[in-house]
Amino acid sequence: MTWEIVIGLEVHTQLSTSSKIFSGAATAYGAEPNTQADAVSIALPGVLPVLNKGAVERAIKFGLAIGAHIAPRSVFARKNYFYPDLPKGYQISQFDLPVVGQGALTIQVEPLSGSGKPYEKTVRITRAHLEEDAGKSIHGDFHGMTGIDLNRAGTPLLEIVSEPDMCSAAEAVAYAKALHSLVRWIGICDGNMQEGSFRCDVNVSVRRPGAPLGTRREIKNLNSFKFMQQAIDFEVQWQIDTLENGGKIQQATILFNPDTGETRAMRSKEDAHDYRYFPDPDLLPLDITPAILEQVRATLPELPQVRRERYIGDYALTAYDANNLTASREMADFFDSCLNEIGTPNAKLCSNWLTGEVTAQLNRDGLDITQCPVTPQQLSGMLARIVDNTISNSGAKEVFRTLWAEGGKADAIIEAKGLKQVSDSGAIEALVDEIIAANADKVAEYRSGKDKLFGFFVGLAMKASKGKANPAQLNEILLQKLAG
Amino acid sequence: MSPTIFLANADVRKVAILARLSMDEAGIEAARSQLSGIFTLIEEMQAVDTRGIAPMSHAQDVSQRLRADTVTETNQRELFQSIAPKYQGSPQIEAGLYLVPQVIE
Numbered sequence: 029m030t031w032e033i034v035i036g037l038e039v040h041t042q043l044s045t046s047s048k049i050f051s052g053a054a055t056a057y058g059a060e061p062n063t064q065a066d067a068v069s070i071a072l073p074g075v076l077p078v079l080n081k082g083a084v085e086r087a088i089k090f091g092l093a094i095g096a097h098i099a100p101r102s103v104f105a106r107k108n109y110f111y112p113d114l115p116k117g118y119q120i121s122q123f124d125l126p127v128v129g130q131g132a133l134t135i136q137v138e139p140l141s142g143s144g145k146p147y148e149k150t151v152r153i154t155r156a157h158l159e160e161d162a163g164k165s166i167h168g169d170f171h172g173m174t175g176i177d178l179n180r181a182g183t184p185l186l187e188i189v190s191e192p193d194m195c196s197a198a199e200a201v202a203y204a205k206a207l208h209s210l211v212r213w214i215g216i217c218d219g220n221m222q223e224g225s226f227r228c229d230v231n232v233s234v235r236r237p238g239a240p241l242g243t244r245r246e247i248k249n250l251n252s253f254k255f256m257q258q259a260i261d262f263e264v265q266w267q268i269d270t271l272e273n274g275g276k277i278q279q280a281t282i283l284f285n286p287d288t289g290e291t292r293a294m295r296s297k298e299d300a301h302d303y304r305y306f307p308d309p310d311l312l313p314l315d316i317t318p319a320i321l322e323q324v325r326a327t328l329p330e331l332p333q334v335r336r337e338r339y340i341g342d343y344a345l346t347a348y349d350a351n352n353l354t355a356s357r358e359m360a361d362f363f364d365s366c367l368n369e370i371g372t373p374n375a376k377l378c379s380n381w382l383t384g385e386v387t388a389q390l391n392r393d394g395l396d397i398t399q400c401p402v403t404p405q406q407l408s409g410m411l412a413r414i415v416d417n418t419i420s421n422s423g424a425k426e427v428f429r430t431l432w433a434e435g436g437k438a439d440a441i442i443e444a445k446g447l448k449q450v451s452d453s454g455a456i457e458a459l460v461d462e463i464i465a466a467n468a469d470k471v472a473e474y475r476s477g478k479d480k481l482f483g484f485f486v487g488l489a490m491k492a493s494k495g496k497a498n499p500a501q502l503n504e505i506l507l508q509k510l511a512g
Numbered sequence: 007m008s009p010t011i012f013l014a015n016a017d018v019r020k021v022a023i024l025a026r027l028s029m030d031e032a033g034i035e036a037a038r039s040q041l042s043g044i045f046t047l048i049e050e051m052q053a054v055d056t057r058g059i060a061p062m063s064h065a066q067d068v069s070q071r072l073r074a075d076t077v078t079e080t081n082q083r084e085l086f087q088s089i090a091p092k093y094q095g096s097p098q099i100e101a102g103l104y105l106v107p108q109v110i111e
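As you go down the protein sequences, you meet chains A and B in turn.
In the working numbering, each residue carries its 1-based index in the first sequence increased by 28.
In the working numbering, each residue carries its 1-based index in the second sequence increased by 6.
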């Protein structure tokens, strides 16, 4: 009998404000310990929180991007628990009245095992709420003590909670990637996973088809998509094995160890934290008027989903190409800039180069598209020479390598390296005649039915032209002359 | 009026654990009795008909003021750490960190 996998995600995104959610301390990453921990961050008695407008605007922006209801009035609550990196003894969060209500995100799923085709799926988002981040505990060598750095305490977070709509590791990863891309696209989070700007908690359970939901275990704090996939795969197998061996799943919070590829229980939820939520008396309700909503809406860029559909509908790109181009706003903008230069009829050519050669070279050099040494203008200048048949594909690759390494302009490089392809049919015919004359035996073999020799002649002719013959033209003339 | 919500000593013990309070049996009994008094008050309030009245989340019916997203605080680590809790006469500070007893989960 088969098992069904049920997965839901809670994602903590650090909002890209300059100051903290409830105070004017800086949020920059990597500062010396506690140099950005002001009186509010360290919870000195008598301090009061004052809400950051930038954090509220970013939350609204996200809500609008997922088509969610934005609460006209939302409330901050205290979530009480004791931990040294939370000096107040409670975290200011939102509970029953979050700022962002139910929305949805459409994702493109690429099956991981290589089996099956990519497909589209819509994942419902339950809610998203504003809260403050905690500080960091450092378990170093402090004579048996723990060091506390409160620089991160009070950094604004938007916690985005999904419905348990995903049923494989592939879907969970696709959702997390789509969300990661979206928050960067709309400019509310830098998405830096190494620095903890985007952290995922994954709830996993299994059940027999049609049965009620199984007991879930929550994998905490995954900060890479690869680990997420490994952790889910391991956890699912563990739960299935446990159940098939007659065991029961206990609700628990678990950690993934990337070194062993295994998950282990952190704390049992039996003794679940009773957070004793209640409205924070230090903060008044947050009112979001239609005017504020419209102000924020005006700052929203064209969304990835809309742009993807535009690329498919207007430029006849495949869904696959459109996905790759809209993986980040910077990539999509680069593509649009190129099209501005060489025109939309060349969208396919441009897409092929961006998702092919350009992406490959970026990956080799460990760069992202914003660091691409070749500008859209430079790339377009080269693409235009492919379009008007001045250079062949192999010539183009050489121009591209030069642009990448040395910069410059395509036309000057073509000139300097003599890459202009020969499209003069007289010159190509002469070249072909010579080859036919010099290889009478092979020509005879070809004419008696050895078609495969065609490639041999193409190779000779290309070599004779020093790679500059227009390939299409060369093929045509060769075919003609070889036919006799 | 006697409360319909009955608070047992076990409930008080649980709340004490959550609040990190150490209480002896006499203290628990005293707290139970006081908390029961509060529940009686809540019972009285719950008897009021509140149909059609939107719940308030704050005693004042005004809304949250927002501050602009600008950095206004400077580094005052030295000042704050000079008043950090001391242990055997010296503040529990090292490498800019506040030191606390180890918590392991």
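By construction, these hints were calculated from the structure, which means they are not laboratory data.
A virtual CB, placed ideally from N, CA and C, is assigned to each residue, including glycine.
Incorrect hints may appear among the rest.
Cut-off 25 Å, straight-line C-alpha distance, at most; resulting in silico cross-link-like pairs (SDA-like, lysine to any residue) [said to hold, decoys possible]:
| hint | chain 1 | residue 1 | chain 2 | residue 2 |
| --- | --- | --- | --- | --- |
| 1 | A | Lys116 | B | Thr46 |
| 2 | A | Lys107 | B | Ala65 |
| 3 | A | Lys116 | B | Glu31 |
| 4 | A | Lys107 | B | Ser96 |
| 5 | B | Lys92 | A | Tyr303 |
| 6 | A | Lys164 | B | Phe86 |
| 7 | A | Lys248 | B | His64 |
| 8 | A | Lys81 | B | Glu79 |
| 9 | A | Lys107 | B | Gln94 |
| 10 | A | Lys107 | B | Ala53 |
| 11 | A | Lys81 | B | Glu100 |
| 12 | B | Lys20 | A | Tyr303 |
| 13 | A | Lys164 | B | Lys92 |
| 14 | A | Lys116 | B | Leu47 |
| 15 | A | Lys81 | B | Ile48 |
| 16 | A | Lys116 | B | Arg26 |
| 17 | A | Lys81 | B | Leu85 |
| 18 | A | Lys116 | B | Arg19 |
| 19 | B | Lys92 | A | Lys248 |
| 20 | B | Lys20 | A | Leu114 |
| 21 | B | Lys20 | A | Lys81 |
| 22 | A | Lys107 | B | Val21 |
| 23 | A | Lys164 | B | Arg19 |
| 24 | A | Lys164 | B | Ser96 |
Here chain B is said to cover these stretches of chain A; the calculated rule only asks that three of the stretch's residues, wherever they fall, bring their Cβ under 8 Å from a Cβ of chain B [stated by the list, open to error]:
| hint | region |
| --- | --- |
| 25 | 61-74 |
| 26 | 168-177 |
| 27 | 186-192 |
- Query: Do the alpha carbons of A/Lys81 and B/Glu79 lie within 25 Å of each other, as the hint requires?
  - Reply: Between A/Lys81 and B/Glu79 the Cα gap is close to 17 Å, so the pair holds against 25 Å.
- Would you check chain B against the region 186-192 of chain A, counting CB to CB pairs closer than 8 Å, and say if three or more residues qualify? violated (count 0)
- Query: Under the criterion that the straight-line Cα-Cα distance not exceed 25 Å, is the pair A/Lys81, B/Glu100 satisfied?
  - Reply: 35 Å, violated
- Restraint check for A/Lys248 with B/His64, where alpha carbons must lie at most 25 Å apart: With a Cα-Cα distance of about 33 Å, the restraint between A/Lys248 and B/His64 is violated, given a limit of 25 Å.
- Task: Please work out if A/Lys116 and B/Thr46 have their alpha carbons no farther apart than 25 Å.
- Result: 30 Å, violated
- Are A/Lys107 and B/Ala65 close enough, with their CA atoms no more than 25 Å apart? 19 Å, holds
- Is the Cα-Cα distance between B/Lys20 and A/Leu114 25 Å or less? 21 Å, holds
- Query: Is A/Lys164 close enough to B/Phe86, meaning Cα to Cα at most 25 Å?
  - Reply: 18 Å, holds
- Item | Agreement of A/Lys116 and B/Glu31 with the hint, judged by alpha carbon distance not exceeding 25 Å | Not satisfied, since the Cα-Cα distance of roughly 28 Å exceeds 25 Å.
- Straight-line Cα separation of A/Lys81 and B/Leu85 no greater than 25 Å? Violated, at roughly 29 Å.
- Task: Sort out whether B/Ala53 lies within 25 Å of A/Lys107, counting only the CA atoms.
- Result: Violated, at about 28 Å.
- Straight-line Cα separation of B/Lys92 and A/Tyr303 no greater than 25 Å? Violated. B/Lys92 to A/Tyr303 sits at ~30 Å, over the 25 Å cutoff.
Hint check: violations occur at hints 1, 3, 4, 5, 7, 9, 10, 11, 14, 15, 17, 19, 21, 23 and 27; the rest are consistent with the structure.
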